[in-house]
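Student: Residue strings, one per chain:
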Amino acid sequence: MIFFENVSKTYDNCKALDEVNLEIKDGEFVSIIGSSGAGKSTLLKILTREEKPTSGKILVDEIDVAELKENEIPYLRRKIGTVFQDFKLLANKTAFENIAFALEVLGVSEPDIAKDVPRVLKIVGLEDKAFNFPQQLSAGEKQRIAIARALIHRPKILLADEPTGNLDLLNTYEITKLLVKINEFGTTIVLTSHNREVVNAIGKRVLTMEKGKITKDQQEKGRYII
Amino acid sequence: MKDSTKRIIKSGWTNFRRNSWLSFGTTGVMTLSLLVLIGLIASNASLQGISSSLKEKVDVSAYFKFEATEDQILEIKSQLELMSQVKTIAYISEEQALAIFKERHKSDELIQSALDELGNNPLQASLSIKAKDPNQYVDIVNFLEGTEFNGLIEKVNYYENEKVISKIDSLSKGLNTGGALIALILAIISILIAFNTIRLTIYSQRQEIEIMRLVGASNWQIQGPYIMEGSIYGIIAGLISLAISYPIILLVSPKIHTLVPDLNLFNYFVSYIGQIIGLVIISGIALGIISSIIAIRRYLKK
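Chains Z and Y, in that order, are what the protein sequence lines are. Heads up: the first sequence is residues 1 to 226, going by our numbering. Heads up: the second sequence is residues 1001 to 1302, going by our numbering.
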């Protein structure tokens, strides 16, 4: 469960988040929409403690995120899977190694890694690209590898920050379908998007943000409305 | 723990291999730094050789009157041997002095015939004394002049040599301090260059570091492979610099030997080979590791 209580984030007099209150239940698929600078990405960054909130309380799976010490942050991040618009794959590691890295940081043994990685590569449909480096992959393939990395350790929560922002129509569709499938397996997904088709196709809870505030919360069958 | 150490070593090695151009450049710069270090060892050895061979040429001789008996001279010798400043003493009897003199002038017939005509030995017995340090001759001469046997001593040739001795002393001191100063400056410059190269290498990896942090890697999991990579740079640079310097020393050594006959640079390196290899490789590794730790620290904060 994710819980925000009066969360604010200020950057040099500019309020990125303004007294946000929000509750996301386990297994929900939440799409966050809004114009650039509305605070969508900041909200996700605060969830992984990439940014520290200026005030307010955040709980992720009972962890008090704002109060975490520096050396405890990696443990929070290992509970959450994150997918980014620019993929953020390690350029000098192969697809296999990029995915394996998320398990290595958890201390998973080599035999388990050798077993799990091909399985998740199969889920994202890239078992034949295991030993390719990121620069040898298309944008869609890169994003699927990134999703595989985010999923490999079976996190309860998957954050996707504009995951289709750099993809063509077909890949956008594929990735959206993949995310919906992952959600059906029980993973909570928080997605930010500018893409009307994507949000409408998902058709689940939709939050609209404006100037750091949540201005609309469509609990079911949400549509892309700004 | 064992698994994670293995992972860090493997990952460090893989990074090294895959960033081949970067690794090549960094290792190259570190090799140059370590070559400077080897050069410093060689020049230090040469300077020490020059300064000690200069010192070696200095001695004082005390010449004894003809009435001094051998026992008395040997008594003075044994008293001198008790002095901490004295390095060696050689007793040259009248006969030995004559033999040496004859040998030295054996081609000069005039001197030979003059000696024959003289009949008896005109040369005095002497003690040839070497001090551990040139500035200690004053103590030795003072001792000789203060002893009860002073009456037996004809002359001590120190006062004639005094100026030369003090010049040699200050020259060899100058060589040592000047050499150390230049060595220090060069060492600092080469350390800074190597450090900066590793800093740039890690700077080029800052995005990777950021990604690792976002995926939940701990500081050690991020830092470990880079430190490992740094030590690989060090080991390889150490080996290359040793391999490069070997033929150079082999080539240069005879030339230095003709300049400073007491110094054989190649033998010097061979006799300290273990220490030199150890020093070069350990300096390389330390340089790699310390530079990596300092360079990566700023990307781990936040």
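For the record, the hints were derived by calculation from the structure and aren't laboratory data. No experiment lies behind these values; they were computed from the predicted model shown. For each residue, glycine too, the CB sits at the ideal point set by N, CA and C. Accuracy of the hints is not assured; some may be wrong.
[Stated by the list, open to error] Just a few of them, taken from the derived set where beta-carbon distance is under 7 Å, the chain Z residues facing chain Y:
id: 1; residue: ARG78
id: 2; residue: ASP86
id: 3; residue: LYS88
id: 4; residue: LEU90
id: 5; residue: ASN92
id: 6; residue: VAL105
Student: Taking the least C-beta to C-beta distance, is Z:ARG78 closer than 7 Å to chain Y?
Tutor: This hint holds: Z:ARG78 lies near chain Y, its Cβ roughly 4 Å from the closest one there, short of 7 Å.
Student: Does the nearest C-beta of chain Y fall within a distance shorter than 7 Å of the C-beta of Z:VAL105?
Tutor: Constraint on Z:VAL105 satisfied, holds at 4 Å.
Student: So, as I understand it, the hint says Z:LEU90 touches chain Y; can you test that by seeing if any CB pair is closer than 7 Å?
Tutor: For Z:LEU90, the interface hint holds, since the closest Cβ of chain Y sits about 5 Å away, which is under 7 Å.
Student: Hold the hint about Z:LYS88 up to the distance rule: shortest CB distance to chain Y must be less than 7 Å.
Tutor: At 5 Å from the nearest chain Y Cβ, Z:LYS88 passes the 7 Å test, so the hint holds.
Student: Using Cβ atoms only, decide whether Z:ASP86 comes closer than 7 Å to chain Y, and label the hint accordingly.
Tutor: 10 Å, violated
Student: Against chain Y, run the beta carbon of Z:ASN92 and see if the smallest gap drops under 7 Å.
Tutor: For Z:ASN92, the interface hint holds, since the closest Cβ of chain Y sits about 5 Å away, which is under 7 Å.
In summary, the one numbered hint that this structure violates is 2.
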